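*Asks:* Generate coordinates for the entire structure from the input sequences, incorporating the hints supplied.
Protein chains: 2
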Amino acid sequence: MEYSAKDLLRLTQHGDRKALARAITVVENELPGYDSLLTALPASHIPVIGFTGPPGAGKSTLISALLRTLSNAGKKIGVIAVDPTSPFNFGSLLGDRLRMAEHFNNPHVFIRSLATRGSLGGLSEKIIEVTDVMRSADFDFIFIETVGVGQSEVEVAGLADTTIVVVVPESGDEVQALKSGIMEIADIFVVNKADREGAETLVNNLKKMMHHPKTEGWTVPVVKTVASQADGVLELIEKIESHRMSAGFNDKKYYLLTEKVYQLIRQSRMKDINREKIRLELKKVVEKKDFNLYLFADQFKK
Amino acid sequence: MEYSAKDLLRLTQHGDRKALARAITVVENELPGYDSLLTALPASHIPVIGFTGPPGAGKSTLISALLRTLSNAGKKIGVIAVDPTSPFNFGSLLGDRLRMAEHFNNPHVFIRSLATRGSLGGLSEKIIEVTDVMRSADFDFIFIETVGVGQSEVEVAGLADTTIVVVVPESGDEVQALKSGIMEIADIFVVNKADREGAETLVNNLKKMMHHPKTEGWTVPVVKTVASQADGVLELIEKIESHRMSAGFNDKKYYLLTEKVYQLIRQSRMKDINREKIRLELKKVVEKKDFNLYLFADQFKK
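Residue numbers (my numbering), protein chains in the order written: chain A, 1 to 302; chain B, 1 to 302.
Heads up, some of the hints might be wrong.
In this list, chains with the same sequence are indistinguishable; a pair is considered to hold if it fits within one copy or across any two.
To be verified - Taking lysine-lysine pairs in the DSS-like style, the calculated list, with each CA pair at most 25 Å apart, reads:
| id | residue 1 | residue 2 |
| --- | --- | --- |
| 1 | Lys301 | Lys289 |
| 2 | Lys277 | Lys252 |
| 3 | Lys208 | Lys289 |
| 4 | Lys277 | Lys301 |
| 5 | Lys76 | Lys283 |
| 6 | Lys302 | Lys18 |
| 7 | Lys253 | Lys76 |
| 8 | Lys224 | Lys277 |
| 9 | Lys288 | Lys6 |
| 10 | Lys302 | Lys271 |
| 11 | Lys18 | Lys253 |
| 12 | Lys302 | Lys283 |
| 13 | Lys301 | Lys271 |
| 14 | Lys214 | Lys277 |
| 15 | Lys253 | Lys126 |
| 16 | Lys126 | Lys301 |
| 17 | Lys126 | Lys277 |
Honestly, the hints are just simulated from the structure, not real lab data.
Treat the numbers as computed from the prediction; the structure is a model and nothing was measured.
*Replies:* Here you go:
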């Protein structure tokens, strides 16, 4: 049978995971009831924790370790995987998927993977809406895993109350890598695979760069983990909690809401345009002697 | 004195670099004459070569080596640096800047660095327009250097006739890194620092992944370079030329033009919105009991 948007939300709020899955599908695919579902979403204070960092940093393994610890403590966690390389997103090797199986069967854990926009990464078009639907359920935390590259970072930073940047000791490129955007978005740094050579250097570089408070009362901590052995997981959970308690935390709310609204506006305003349409129009005129890209583009600007 | 848009373009076409610099500034800052300059741009067939790849891959060193070889052969090259970590973009250490000095004084080379959008990387808002202005000058090649992360990759792939992805032997993460979007955009792969351990493995992995033709008559080649010694530079130039001669090359033109138009439309449609405006409106209502993000966003969607 079909549920109304309000029914779905009510069931979702009371822990019905089938209803949640259905609500997400409705939103992700703009099925009937899509708008009324979104506009009926209650205010939620469930913290959203974003995990980003380069592929191979071990984000999925770290999240697995956190899920194990938190669910053992009776916490409920919703996970959104948008990293195409993530085993949570079925985007990885069979071995990884098997390692994940424990969580797919864990009643305290709800995992939803989202297709990325195009084949080039970046977050799903509907990540904002899906996250807010997840936040209408009875979770203690929402985790979002995204491959931490460029624009995706901006987007996850615009979604997550606490952004955790996971890095690993690499061959001398750390400092440059940090220049390219990751630094600004990190609320917590995790140096994973901290048993690797070069870990101490990386930790010290990060601490040097992070010594001044990012927001009021919050200096970005650097946590060492070996996720495969769950080392450092408790300290990380502690840092997540203390970030939420920090003085500047509430200011971030406005930044996050502003980003969300900006993205929603952009999606809405670009709804009627698609590249195929542009392409077909182009084909008609591009060979003309006086073709000018900017005159051509004007017709679509409205 | 002030030049008209048409004057600036005429001077630019005839090699006046001051006029080019001025034209770029006009476009970048939307100064008077901005529109008429863009709509007066002639069709150009100057190839745009995009260089992307992770920070620390040695893109700048590779470009330096190419500039040396090409300018010695009498070629004129325009360089646009949008990588915030690039020495071309003054974003790097003094040592790097000094290494670049030879090119800043090279009459065959024109270098323009563009601010990135925000502190989080991504290409400059005006990269499309600036590139097209550069293409109205008397260059043989336009080089664009961008840090190859996420969305930026998509954008540079949407700008460049030939996209060169520069990678280096890393600690076992190559294959995953490639999953996250770089593969699709590469027309040519460069394995730089090919004297490093692991280079052969990386080259072989890439070749395996690239064995099927990407576009008609073009299988993505993998070129080994040691940019610091200019090793492999001639082979790379050869591959750039043969990519331009390949059967599928012309098809790409439509893809590039489509992407440009899409970006121009988006910029134009979002012009009247800025985050500060949203933020101020938010502050007024967000604490209200019945606040709903999606109802709030509707007022801006128009």
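*Asks:* When Cα atoms must be at most 25 Å apart, do Lys253 and Lys126 count as within-copy, between-copy, both, or neither?
*Replies:* Within one copy only: 20 Å inside a chain, 30 Å across chains, cut-off 25 Å.
*Asks:* Should Lys126 paired with Lys277 be assigned to within, between, both, or neither, using CA atoms and 25 Å as the limit?
*Replies:* For Lys126 and Lys277, both the intra-copy (22 Å) and inter-copy (23 Å) Cα distances are at most 25 Å.
*Asks:* If the cut is 25 Å between Cα atoms, do Lys214 and Lys277 qualify within a copy, between copies, both or neither?
*Replies:* The answer is between: 24 Å across copies meets 25 Å, while 45 Å in one copy does not.
*Asks:* Could you place Lys253 and Lys76 in one of the four classes (within, between, both, neither) given a Cα distance threshold of 25 Å?
*Replies:* Within one copy only: 23 Å inside a chain, 50 Å across chains, cut-off 25 Å.
*Asks:* Check Lys126 against Lys301 for me: Cα-Cα at most 25 Å, and say if that holds within a copy, between copies, both or neither.
*Replies:* both (24 Å within a copy, 16 Å between copies)
*Asks:* For Lys301 vs Lys271, is the C-alpha pair at or below 25 Å within one copy, between two copies, both, or neither?
*Replies:* both (13 Å within a copy, 11 Å between copies)
*Asks:* Indicate which option fits the pair Lys224, Lys277 if close means a Cα-Cα distance not exceeding 25 Å: within, between, both or neither.
*Replies:* Classified as neither: same-chain Cα gap 50 Å, cross-chain 40 Å, threshold 25 Å.
*Asks:* 25 Å Cα cut-off: does Lys277 pair with Lys301 within a copy, between copies, both or neither?
*Replies:* For Lys277 and Lys301, both the intra-copy (14 Å) and inter-copy (22 Å) Cα distances are at most 25 Å.
*Asks:* Evaluate Lys18 and Lys253 at a C-alpha cut-off of 25 Å and name the case that applies: within, between, both or neither.
*Replies:* neither (30 Å within a copy, 46 Å between copies)
*Asks:* Checking an output row: Lys277 and Lys252, CA cutoff 25 Å. Within, between, both or neither?
*Replies:* between (39 Å within a copy, 16 Å between copies)
*Asks:* Can you tell me if Lys302 and Lys18 fall within 25 Å by alpha carbon in one copy, between copies, both or neither?
*Replies:* So Lys302 and Lys18 fail the 25 Å test inside a copy (42 Å) and across (35 Å) alike.
*Asks:* Please work out whether the CA atoms of Lys301 and Lys289 approach to 25 Å or closer within one copy, between two copies, in both situations, or in neither?
*Replies:* So Lys301 and Lys289 pass the 25 Å test inside one copy only (23 Å; across, 38 Å).
Violated hints, in rising order: 3, 5, 6, 8, 11; the structure is consistent with all others.
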